[in-house]
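Taken in sequence, the protein lines are chains V and R.
Taken in order, the first sequence gives residues 0 to 243; the numbers are from numbering that gives the first Met the number 0.
Taken in order, the second sequence gives residues 0 to 105; the numbers are from numbering that gives the first Met the number 0.
Quick caveat, the hints were computed from the structure, so don't treat them as lab data.
Small disclaimer: the values here were computed from a predicted structure and weren't measured.
Every residue, glycine too, gets a C-beta built ideally from N, C-alpha and C.
Incorrect hints may appear among the rest.
[As the list claims (entries may be wrong)] Label pairs and their calculated CB-CB ranges:
no.	chain 1	residue 1	chain 2	residue 2	range
1	R	GLU31	V	ARG9	37 to 43 Å
2	R	ASP65	V	GLY38	20 to 26 Å
3	R	ASP69	V	ALA11	50 to 56 Å
4	R	ARG49	V	ASP96	16 to 22 Å
5	R	ILE103	V	ASN177	54 to 60 Å
6	V	ARG149	R	ASN67	42 to 48 Å
[What the hints assert, rightly or not] From the derived model, a few chain R residues whose C-beta atoms are all more than 12 Å from chain V:
no.	residue
7	ARG14
8	ASP43
9	VAL92
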Amino acid sequence: MKTVPDRTGRFATRPHYEPAELDRECESIITTFLRKKYGEIHFPISTDDLTTFLEKDVADLDLYADLSEFGQSVEGVTIFSSKGKPSVRITSVLANDPHRENRLRTTLTHEWGHVHFHAYLWNVGVMELDFGGTGAPLKRPEDNRQICKRESLIDAPVSDWMEWQAGHVCGAILMPANHLKHMLKERFEGEIGLAAVTPGSLLGERLIQAVVDTYAVSREAARVRLLRLGLIHERSQNVSLFPA
Amino acid sequence: MLDPVTFGQAISQKRKELGMSQKELAAKIKREDGEPISPQYLNDIEHDRRSPSSDLMVQQFAKVLDLNSDYLYYLAGRIPTDILSKNLPPEKVEKLMVAFRRQIKS
Chain V
0 MKTVPDRTGR
10 FATRPHYEPA
20 ELDRECESII
30 TTFLRKKYGE
40 IHFPISTDDL
50 TTFLEKDVAD
60 LDLYADLSEF
70 GQSVEGVTIF
80 SSKGKPSVRI
90 TSVLANDPHR
100 ENRLRTTLTH
110 EWGHVHFHAY
120 LWNVGVMELD
130 FGGTGAPLKR
140 PEDNRQICKR
150 ESLIDAPVSD
160 WMEWQAGHVC
170 GAILMPANHL
180 KHMLKERFEG
190 EIGLAAVTPG
200 SLLGERLIQA
210 VVDTYAVSRE
220 AARVRLLRLG
230 LIHERSQNVS
240 LFPA
Chain R
0 MLDPVTFGQA
10 ISQKRKELGM
20 SQKELAAKIK
30 REDGEPISPQ
40 YLNDIEHDRR
50 SPSSDLMVQQ
60 FAKVLDLNSD
70 YLYYLAGRIP
80 TDILSKNLPP
90 EKVEKLMVAF
100 RRQIKS
């Protein structure tokens, strides 16, 4: 992780993580959690385990919150505090509908991303260090909230660094990089790595489906994860031995 | 960890200490009709949006979470049925409350 200027203006500086850094840390944390609980690592991680995984790091988790005040597509809110652990509120719409369980899983891990990687930014000492004598600009109550909308839970634009990082973390917890690569290697030995695979190709479809089945995620979450890990590519890339 | 100040906080705190999810705990707490309470109902209790609907429920929370049932009755603002069923006269209740307050002050 390195510290870079925050162009959103919310902070003076912000953490920058390489995707591989997030992948490594998340895989280490979630496998340690599973090994401690079960003595072995098995995926998919259950939704119930995801709730206790998040609960250990927050002051409060409300799984049946009314988030209507934030707008229709808001599915999770993390409320940071300079005095202690953050609190997380998740819309009751997700937990009450079995058909939306994948979205609940995505939201739980996305909010965990904010809790684990961003809560320190609200630490008073860090803020004073960050802003020096000018003081932190975070004065309004809403400045302590990270409001997460459905459309940006998995694949936010890079410019929205907090959402992008939490989205990447969500994939890295549900579909840990090494576990996923190992699983695909076992199932698709000899098929992958020969040429670039696109999501719409037959092999791309099979890879996505394998990830969906193994990790209990949506097709979109699986597609984004495979893209970010470089295992599929949006456009078919010509492999040339003679680059221009 | 701070002492809980509400019924919901006591339940939530002990559940987390025991590493249980809301779903797991809810499955162990039965309503009077024998059906388990829903995770949403438990979530509402933990957030003090609802109260336990019966003495039976308070007693089950105490048993499953290994908490003192009298303490839970106190946090829930309920008088246990075994005391309530004695149908105490007003002057007796008054005396007991005075004794209770005196004990708290000492």
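Q) Can you list which hints this structure breaks, lowest number first? A) 1, 7, 8
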